[in-house]
Amino acid sequence: METLKKTCLYDSHIALGAQMSPFGGFMMPIQYSGIIEEHNAVRTACGMFDVSHMGEIFVTGPESESFVNRIFTNDVSRLLPGHVQYGMMLYQDGGVVDDLLVYRMHEAGTWLLVVNASNIGKDYDWICAAAEGRNVNILDRSGEYGQIALQGPDSEQLAARALGFDLSDLVFYTFREVDFDGGKVLASRSGYTGEDGFEFYASPSVTRKIWSALLGAGVMPCGLGCRDTLRFEAGLPLYGHELGPDISPLEAGLGMFVKMDKGDFIGRNAAAALREKGLDRKLTGIELSDKAVPRAGYQVEAPDGRRIGEVTTGYNSISTGKSVCMAFVELPYSVPGTPVGIRIRKKVFPGTVCGKRFYDKKYKR
Amino acid sequence: MSKIAEGLLYSESHEWVKVEGDIAVIGISDFAQKSMGSIVYVDMPEEDDEVSQDEEFGAVESVKAASDLYSPVSGTVIEKNAALEDEPGLLNTDPYTNWIIRVRMSDPSETESLMDAAAYSEFLDRQA
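In the order they appear, the protein sequences are chains A and B.
Per our numbering, the first sequence starts with residue 1, numbered consecutively.
Per our numbering, the second sequence starts with residue 1, numbered consecutively.
Bound-form chain A, shown alone (with noise of 0.2 Å):
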């Protein structure tokens, strides 16, 4: 058994009181105050996690653009400085190694690829053997990085006023440097909420002043736990629940993100082939008319019984109240408005087939 790892803002997690928890290979705040309480705060005002055991990987060199193109799905050669893109890495046979944003930095030929904590060891070697005798340098850099994602429709507004930062004039999905105490701090707009928000990646240290000014000036620490309920709500991907090595994104209803038309990458011929042949199962949502709550796993079922598919992530939805799932579900189920049931327990719940985002989303365009 490995050791957990501890992030940067370990100590303040404890003095706060958060009920810790593993994840991803460190000890993890899951929640503060409560679940629902800091879920409504990240919706209604603002919220901030610490995001520090997230992988930050950089890839630089003369040929860094073409092999980042090669190993993710989006298309990096339309991404400017100063801009993020998201997609996946995918093995051979089209499974996903892992979903990640690329940052293209403002220096030429440097990227910085920000990867899921569960992961980090496995895509630094895969993205390694992916590099073999291309000229290319790979550093895996996430113990130099602290992270702090600042959430909801206040968050613009509280980093001028805790941090000084004027944000203003960034929209989602691009990024500049700003300097906080003397350090220095890429400030991202981008979050994985639903709602308008800042990541902040920084040293440490810096990541440990950040954390103090925003405590100091009220804003409410958060937990994975709420960060899955608002992920979950917005229709976003949790890797290991609605993406993994068995699933393609094409079922997961992220093709929009698999750029087909920009020349080879890995896995294009093994997702073209899916395109062609068809999908035989998609990811949807399922709304149910009780409020018993559909988990990971959880079985769904056709009319007759027969079983159709499985739970991904589940919730009694905290913004409608409504019992919602995603779930994997063969293809001719997957149409809206198709009745469906989940086996919770001992009993089939009824529920229907609907879009799996249950919250629109809010991001600054």
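By construction, these hints were calculated from the structure, which means they are not laboratory data.
Please note that the accuracy of each hint is not assured.
[Said to hold, decoys possible] No farther apart than 27 Å at their CA atoms in a straight line, the calculated lysine-lysine pairs in the DSSO-like style are these:
1) Lys291(A) <-> Lys34(B)
2) Lys64(B) <-> Lys322(A)
3) Lys64(B) <-> Lys362(A)
4) Lys80(B) <-> Lys322(A)
5) Lys64(B) <-> Lys5(A)
6) Lys3(B) <-> Lys346(A)
7) Lys64(B) <-> Lys277(A)
8) Lys64(B) <-> Lys291(A)
9) Lys346(A) <-> Lys80(B)
10) Lys259(A) <-> Lys322(A)
11) Lys361(A) <-> Lys64(B)
With chain A fixed as given, assemble chain B onto it according to the hints.
Here is chain B on its own, set in the frame of chain A:
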């Protein structure tokens, strides 16, 4: 620190029982509701369903997880607390007045295996 109501009997799975003749009123302890967090759904059996001692009879769901409910006694369900269908959070507000089911016991001597308030308090201390 969780509250323990006097005059009730408790199970190791944190249900409480109030004995009224051959009727057992069953709920969950303050410790149970605190460890669950905000309760969003209570899965209850129907009237006339049979329950058995130490066997699952339903579940309580919080935002993050479902916890099974185990019956402290055997018997027949004579009533479920319908108020919990609309307001499951009542179990957080006051776990000792908001019961979950009422059971007509088939073997009232089963209650002898349960803990009284003092024994449950010691049990919780040992868990800590």
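Status of each hint after checking the structure:
no.: 1; hint: Lys291(A) <-> Lys34(B); in the structure: holds (21 Å)
no.: 2; hint: Lys64(B) <-> Lys322(A); in the structure: holds (15 Å)
no.: 3; hint: Lys64(B) <-> Lys362(A); in the structure: holds (25 Å)
no.: 4; hint: Lys80(B) <-> Lys322(A); in the structure: holds (22 Å)
no.: 5; hint: Lys64(B) <-> Lys5(A); in the structure: holds (23 Å)
no.: 6; hint: Lys3(B) <-> Lys346(A); in the structure: violated (32 Å)
no.: 7; hint: Lys64(B) <-> Lys277(A); in the structure: violated (38 Å)
no.: 8; hint: Lys64(B) <-> Lys291(A); in the structure: holds (14 Å)
no.: 9; hint: Lys346(A) <-> Lys80(B); in the structure: holds (18 Å)
no.: 10; hint: Lys259(A) <-> Lys322(A); in the structure: violated (35 Å)
no.: 11; hint: Lys361(A) <-> Lys64(B); in the structure: holds (23 Å)
Checked against the numbered hints listed earlier, the structure breaks hints 6, 7 and 10; every other hint is satisfied.
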